[in-house]
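Undergrad: Here the UniProt record's numbering is used: position 154 in the sequence shown is 154, and no number is missing along the way.
Because the hints were derived from the structure by calculation, they are not lab data. Treat the hints with caution; some may be incorrect.
[Said to hold, decoys possible] Derived SDA-like pairs: lysine to any residue, alpha-carbon spacing no greater than 20 Å straight-line:
| id | residue 1 | residue 2 |
| --- | --- | --- |
| 1 | 143 | 400 |
| 2 | 217 | 155 |
| 3 | 383 | 405 |
| 4 | 240 | 423 |
| 5 | 383 | 414 |
| 6 | 198 | 273 |
| 7 | 240 | 192 |
| 8 | 197 | 242 |
| 9 | 194 | 239 |
| 10 | 257 | 227 |
| 11 | 257 | 100 |
| 12 | 198 | 247 |
| 13 | 51 | 116 |
| 14 | 241 | 100 |
| 15 | 129 | 114 |
| 16 | 286 | 153 |
| 17 | 265 | 222 |
| 18 | 286 | 121 |
| 19 | 129 | 67 |
| 20 | 56 | 88 |
| 21 | 56 | 72 |
| 22 | 193 | 226 |
| 23 | 197 | 239 |
| 24 | 426 | 410 |
| 25 | 143 | 399 |
[What the hints assert, rightly or not] Derived CB-CB ranges, DEER-like:
| id | residue 1 | residue 2 | range |
| --- | --- | --- | --- |
| 26 | 242 | 213 | 31 to 39 Å |
| 27 | 213 | 66 | 48 to 56 Å |
| 28 | 421 | 53 | 37 to 45 Å |
| 29 | 262 | 117 | 15 to 23 Å |
| 30 | 414 | 228 | 43 to 51 Å |
| 31 | 428 | 123 | 37 to 45 Å |
| 32 | 246 | 410 | 21 to 29 Å |
| 33 | 50 | 218 | 46 to 54 Å |
| 34 | 152 | 116 | 39 to 47 Å |
| 35 | 86 | 156 | 41 to 49 Å |
| 36 | 230 | 424 | 30 to 38 Å |
| 37 | 126 | 212 | 29 to 37 Å |
| 38 | 125 | 58 | 15 to 23 Å |
| 39 | 192 | 387 | 24 to 32 Å |
Virtual Cβ for every residue (Gly too), placed ideally from N, Cα, C.
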Amino acid sequence: MNQFGEDFQRKKEGDSILENPSIPNPFPELCCSPFASVLSASLLPKATSRKKQVIKVYSEDDTSRALEVPSDITARDVCQLLILKNRYVDDHSWTLFEQLTHTGLGRAIEDHELVMEVQSNWVMEEETKLYFRKNYAKYEFFKNPLSFFPDHMISFPSETNADLSHSGILQMFLSSSTYPEIHGYLYAKEQGKKSWKKLYFLLRRSGLYFSTKGTSKEPRHLQFFCEFSNSDMYMSLTGKKISGAPTNYGFCFKPNKSGGTRDLKQLCADDEQSRTCWMTAIRLLKYGMQLYQNYMQPYQGRSGCSPLNITPMRSISENSLVAMDFSGHRSRIIENPTEALSVAVEEGLAWRRRGCLRLNSHGSPIAMSNMAIHRSQSWFHHKISREEAQRLILQHGLVDGVFLVRDSQSNPKTFVLSLSHGLKIKHFQIVPVASGYAALKNVSF
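Let's have the full structure, built from the sequences with the hints guiding it.
TA: Here's what the structure looks like:
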C-alpha cells in the first residue's frame, strides 16, 4: 500500500490536468485517526470575511438542522461541522447525500464538491433535500477493487498484463493514458417513451456508448449515449415503482443546468453487482485522481498515518476519561483498548435511534436477560417491509456486515435479520428458542 500511495503521489505532482482542492482542510486534528472523537469547539472553522449562506440538512428521521456556512464550503467540511456539533465519532464514512423526493433518486455528494454549486443546479419543480448519513461503501473500492469489477465486465488494453495486482487495477483506472473498458448489457429507457430496450454498452474514456449490432465493438456500430462532465449520476432509491424499469437496479444521468429531470438518461442493470460496477467505474472516470485524494485526505498531515496503519489518537482533554460499559447489571471500566474502540465505533454508528449498523470482528454473542431490550437498539426497526429494509441498507452502502433487525411480517413472535453480504442483501429468520436466546434459520452464504 505504501508503494501504491507513492506512485499516486508522483502521478498527482506530474499530471497537469489534475487540480488540488482549493480549500485547505480546516480540521487537521481529524486527519490521522478514523475513530478520534473531537469535542473541542476550537476545532470548528474560524469565522472569515467570506460570504455566508444558510443550508438545511436532514437526518434520516427527517428532522432538519440549519447551518450558516461559507459559500465555498465543501461537502466534507459540512460533514465535519455536523460531526463536531453533534459530537459523533468520525470514522470517515459520514456523507452528504442529495435526494430528489418526487423522482426517487439520490446520490452521495463527493467530498470535494461545493455544496452551494450543487444547490444551484436544483430546479423549483423538484423537491430536493440534503441528508447527512453513513455511507460505508464510499471508498470501499480502494480497499478491495477486485470485488467491484468482475472479470466478465472488464477488459484491459492488449499491452497490459492481464494478471494485475490490487494496486495495478487502481493505477490503471486513475491513469490519464490508459483506462479499462467496462462492458455488458443494460436496459435503457427510450427518450419520450415508457418502453425500455436491452442494449450492449461500453464505457470508454470518451464516454458511454451502446452497440447497434449485438455485442460488436467496431466504431461504426457504436452510438454515443452520454458523457459525464456536465451531468451527475443518481441511483434509483425506489426500485422500479416510479420509472417502470424492468429491474430494481436503476441509475441515471441528470444534466447539471438545463432540463432537470425532464432530460434524464435512465438505465438499469440485471443485478446489484452489475450496477455497482458501472457506477463505480463512472465515478472513477469522471473524478479520477480527485477521488483518491478525497480517500487519502483524512490520513494525511501526520507522519506514519496510512489507511492500513492507523493508531487512534486522543486529545489532551480526553486523557482523564475512561471507557465504561453500562450494558450489564453493573457498570465496568473497559480496559482492553480494542474493546473500547469497538464500543466507540458502535456508538458512532448509532447516531440516531433508527439506523443500520455494521458487524465487526470484535463483536461477541451476549445472552439478554430481557428479550424486549432489542426494541431500544438502533438496529431494530419494528414492522417495516422487506423492501424498506433493503432501501435502508442500500442507502448506507452495500458493504459486508451492514445489517438491521425487524419484526417478521409473516411469522408472529419471530424476527428477520437483513444483512449485506457480497453486494447482495439477504434475509434470515430469527426464532426465539429459550429465555434470552434466539437462533437463525437456514443461514448460508
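Undergrad: Evaluate each hint against the coordinates.
TA: Results for each hint:
Distance restraint check for residue 143 and residue 400: the Cα-Cα separation of roughly 13 Å lies within the 20 Å cut-off, and the hinted pair is therefore satisfied. Straight-line distance between C-alpha atoms of residue 217 and residue 155 comes to about 12 Å, which keeps the hinted pair within the 20 Å bound. At most 20 Å may separate the alpha-carbon atoms for a hinted pair to count; residue 383 and residue 405 meet this at roughly 10 Å. For the suggested pair residue 240 and residue 423, the alpha carbons sit about 19 Å apart, so the restraint of at most 20 Å is met.
A distance of roughly 11 Å separates the Cα atoms of residue 383 and residue 414; the hinted pair therefore holds under the 20 Å criterion. Simply put, residue 198 and residue 273 have alpha-carbon atoms about 17 Å apart, close enough for the 20 Å limit, and the pair holds. Distance restraint check for residue 240 and residue 192: the Cα-Cα separation of roughly 17 Å lies within the 20 Å cut-off, and the hinted pair is therefore satisfied. Between the alpha carbons of residue 197 and residue 242 the distance comes to roughly 17 Å, so the proposed pair stays at or under 20 Å and holds.
Only pairs whose Cα atoms come within 20 Å are accepted, and residue 194 paired with residue 239 is accepted, the gap being roughly 16 Å. At roughly 15 Å between alpha-carbon atoms, residue 257 and residue 227 fall within 20 Å of each other, so this suggested pair holds. Distance hint between residue 257 and residue 100 is fulfilled; the C-alpha atoms sit about 15 Å from each other, no more than 20 Å. A threshold of 20 Å between alpha carbons decides the hint, and for residue 198 with residue 247 the separation of about 12 Å falls inside it, so the pair holds.
For a cut-off of 20 Å, the pair hint linking residue 51 to residue 116 stands: about 11 Å separates their Cα positions. For a cut-off of 20 Å, the pair hint linking residue 241 to residue 100 stands: about 15 Å separates their Cα positions. Under the criterion of a C-alpha separation no larger than 20 Å, the hint pairing residue 129 with residue 114 is consistent with the structure, at around 15 Å. Restraint check for residue 286 and residue 153: satisfied, since their Cα atoms lie roughly 19 Å apart, inside the 20 Å limit.
Annotation: proposed proximity of residue 265 to residue 222 holds, straight-line Cα distance about 17 Å (limit 20 Å). A threshold of 20 Å between alpha carbons decides the hint, and for residue 286 with residue 121 the separation of about 18 Å falls inside it, so the pair holds. With a C-alpha separation of about 14 Å, the suggested pair residue 129 and residue 67 falls inside the 20 Å cut-off, and the hint holds. A hinted pair counts as satisfied when its Cα atoms are at most 20 Å apart, and residue 56 with residue 88 qualifies at roughly 19 Å.
Pair hint residue 56 plus residue 72 holds up; C-alpha atoms about 16 Å apart against a cutoff of 20 Å. A hinted pair counts as satisfied when its Cα atoms are at most 20 Å apart, and residue 193 with residue 226 qualifies at roughly 18 Å. With a C-alpha separation of about 17 Å, the suggested pairing of residue 197 with residue 239 holds against the 20 Å cut-off. Taking the CA atoms of residue 426 and residue 410, the gap is about 16 Å. The hint holds against a cut of 20 Å.
Restraint check for residue 143 and residue 399: the C-alpha separation of about 11 Å stays at or below 20 Å, so the hint holds. Our hint of 31 to 39 Å for residue 242 and residue 213 holds, since their Cβ atoms are close to 32 Å apart. In this structure, residue 213 and residue 66 meet the distance hint of 48 to 56 Å, their C-beta atoms being roughly 55 Å apart. At about 42 Å, the CB distance of residue 421 to residue 53 agrees with the hint of 37 to 45 Å.
Taking the beta carbon of each, residue 262 and residue 117 are about 21 Å apart, inside 15 to 23 Å as hinted. Residue 414 and residue 228 have their C-beta atoms about 46 Å apart, which keeps the hinted 43 to 51 Å range intact. For the pair residue 428 and residue 123, the supplied restraint of 37 to 45 Å holds, since their beta-carbon distance comes to about 42 Å. Between residue 246 and residue 410 the CB atoms are about 27 Å apart, so this pair conforms to the stated range of 21 to 29 Å.
Between residue 50 and residue 218 the beta carbon distance is about 53 Å. The supplied range of 46 to 54 Å therefore holds. Taken as a hint, the range 39 to 47 Å holds for the pair residue 152 and residue 116, whose Cβ atoms sit roughly 42 Å apart. The hinted window of 41 to 49 Å between residue 86 and residue 156 holds, with their beta carbons roughly 45 Å apart. Evaluation of the 30 to 38 Å hint for residue 230 and residue 424 yields a pass: the beta carbon distance comes to about 34 Å.
Taken as a hint, the range 29 to 37 Å holds for the pair residue 126 and residue 212, whose Cβ atoms sit roughly 33 Å apart. Checked against the hint of 15 to 23 Å, the pair residue 125 and residue 58 passes, with Cβ atoms roughly 20 Å apart. Between residue 192 and residue 387 the Cβ separation comes to about 29 Å, which falls inside the hinted range of 24 to 32 Å.
In summary, the structure agrees with every hint in the numbered list given earlier.
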